[in-house]
Every structure is written in C-alpha cells, then in structure tokens.
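Build the full structure now, drawing on both the sequences and the hints.
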Amino acid sequence: MDLCCLHADASAMFMDHRRASWAAPSAADEIKAFLTVRRRSGVRSMSPVAEVAAAANDCLPMPWLGIDIGGSLVKVVYFEPTDSTDEREAEANENIKQFVKGRAAYCNTGSRDTHLQMNNVTVNKRQGTLHFIRFPTSEMKVFLQLVKTKEMASIYSTVCATGGGAFKFEEDFEKEVLLKIHKFDELDSLIRGIQFVERNFPRECYYFSHPVDDKKCKKAPFDFSRPYPFLVVNIGSGVSILAVYSENEYKRVTGTSLGGGTFLGLCCLLTGCETYEEAIALAEQGDSTNVDKLVKDIYGGDYHKFNLRGNTVASSFGNMNCKQKRESTSREDLAKATLVTITNNIASIARMAALNESIQRVVFVGNFLRNNTISMKLLAYAMEFWSRGALKALFLEHEGYFGAVGCLQELMGNS
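Following my numbering, the numbering of the sequence shown begins with 2 at its first residue and continues without gaps.
Heads up, a few of these hints could be off.
[To be verified] Simulated pairs of lysine-lysine, DSS-like, Cα-Cα distance not exceeding 25 Å: (1) K378 - K216; (2) K252 - K294; (3) K306 - K324; (4) K216 - K297; (5) K326 - K220; (6) K219 - K378; (7) K126 - K149; (8) K142 - K126; (9) K219 - K181.
For the record, the hints were derived by calculation from the structure and aren't laboratory data.
Shown next as structure tokens:
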C-alpha cells in the first residue's frame, strides 16, 4: 500500500461555512484494517519484503511520503527514518531514499528545498528527517512515469490523496501506474501541517517589523507557541481564508479566485514570461507606479481627509488607458503592477475577514509567497497601516508544504 499523500490546492473553491472536527477514525486505522482484511483473504497488498517489515514494526510500510498536488505546483514531503534496525525495512526504503536525496532537481524544472529540511523529527513514533521537494503540476505525467519506472505498484496498491488533485488525477493513477486513490480533506491537511511544523521547527514563524518604514523594515522571529485564534490565508492558485479557533476547530471564512495562478497567468499574457520564477524576477526590476494611477495623480498629493498617502494606489492599471503611458511601460513594470494588484486585493480581503472574526493574528501561507519578498512586505504593510497596528501579518518558513505535511500526519494517525 503506497504512502503517497496527494493534496490539491483547489483553494479558490467556496465551501459551506463549517466547523471542522477530526474525531473520525484515522487514516492509519483504516489502512491497517484494509491490510488485515486483505491478508485474511489471502490477497497480498504489498511486496513480501514490505509486508514483513511493516508487520515486524506494527506500522505502515515505508516509504512515507506526503504529496500535495496544487493547481500550479506539486509539493512532496519525504520522511527518511534515521532509526532503522530492520534490514528488510531498509531494503524496502533504500530505492526511494536514494532517488529523493540524490537529485537537486526533479522532472527537469523541480528542486529539493534543502534549506527547509527538518532533522530529528518524530513521525508515528519513528525518528527521522523530513525532505521537501517541488515540481510543476504540468509535469505530473513525468512523475507518473517515474512511479511506473520505480514499479511502485509492485510494492503498494493505494495512494493516499487529498483535495481536487485526488479527483483530477485519480483515473491517471489507476490506468497508468495501477494505483488507487485514498482521499483526505485538503483543509484538514493544511491545518494539521501548520500545527505539526510549528511544533517541530522553532524558527518557523516570523513577521516584518516596522513594515510602514522601508528603512527600518526587517524580518524578525515571532513566538507562535500560543497561536489561537488565528486566520490562515492560503495563497495558491486561488485563495482560501480559514479562521482557526483551536487545535481541532476551524471554519472557512471566505476566499477569492484571484491568487497566484492569476498573477502568473496575467504575467504570461502581458510580458511573455513562462514561469513563476521569471515573473517574480521581472517584478523585482519593475516600477508599478508607471502602470497604476496613484492618489497623488488625482489629488496632487496626499488625501488628508481620509489619511490616504499620495503613493497609495487609487486605480490598478489606471494609467494604461493613456497611449503615451502604455508605450513607455516596460515588461518589468507590468509584472510589478500585476503582483501589486493581486497582493493588495488579497490583503484587503484578509483584513476584512480578520475584522469580522475579531482575530488579530493573520498567517499568510502558500507557494505564491515563495521567493516573493515584495508581496510579503506589501501584506505586512497593509495589515499594519490600514488596521492602525491592530493586525499583524505573520509568515511561515515552509510556505506551501503544509498540505503535504498534514496529509502525512493524517495518514500516520496524527502522531
């Protein structure tokens, strides 16, 4: 039985407002029960080596993987045990371990984020290391071919999955690599992942001090040991906003379809770029004020009555109705304006959600923030300035990997 946990970032889809509970039987219990039934019926669900190793350790067979299939990126979390004493388990695990650790890039356009590696982590009563890997969702066919080449179906029969990708790629897994899908809830996985990583990675949470002052603004650690309640703004292809009240209670407050996928899509149309990395690189060199109409463009300076600074955006892309402005605008300016537009919209929605829920801590996560200091500082500025210091924007080092980590935790029975 494969321990891949696929998680989709279908975050722009609206769900009914609800309270979440994790009182149902754990995935580990369900899978162990499934294994028991298959053994009693004489049907083997994994290779003899893997099954004997699992039985000897009274746990799920190795390898333990968490895979989050988002709208734009696939995120993989691999648990490498460091306390193995069983040679049979080592044999079952060695193939995948060497592949994961031996490559800096995956599917040509992916990579392993070695700076996020978590050592001496306990998962399901085992000690080990968590490795973090990502590659574009557009390379899923290549990934499936890799799974087929590694003959994973000869070891396991089921892939544990969560979110929209569990549905989108279910038929592909069954037909191409002979693996079935076991689904988890994507938002449960997200919250579980945040809680687990924060407990095991002391430097996980941070904020930007003095975000209103560019000269004084700098990254600083934040004590997130007593987090509740807090708001989670998950920025993937779209955006979901969750209010988390305790370890076992949350609700989805709102969301928007204008997220990271929108930024990249518009940048591709406007600038001809091909990748997220290229879009961010362009934005870093651009000047959005050449594209946007500012308060000072309308009032000649600050709008003092409502405390609106002159450099506040009054109309995103408002200067582009002027031919002369369009002709003098660069690709870099367009990329920067697109990034500012999407980020400001997310900040506005997040601020209103926080006010409605009377929550002061707003945690921004998701791969949209990867290598995107521009957006993080804009979000920090917006929360600080428009709330007059009442709201604080928080960020997490592992950004878009929480769904995969949480899905792995769900599979392990929340250990």
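> What hint numbers does the structure not satisfy?
Replying inline: Per hint list: 2, 3, 5, 7, 8, 9 violated.
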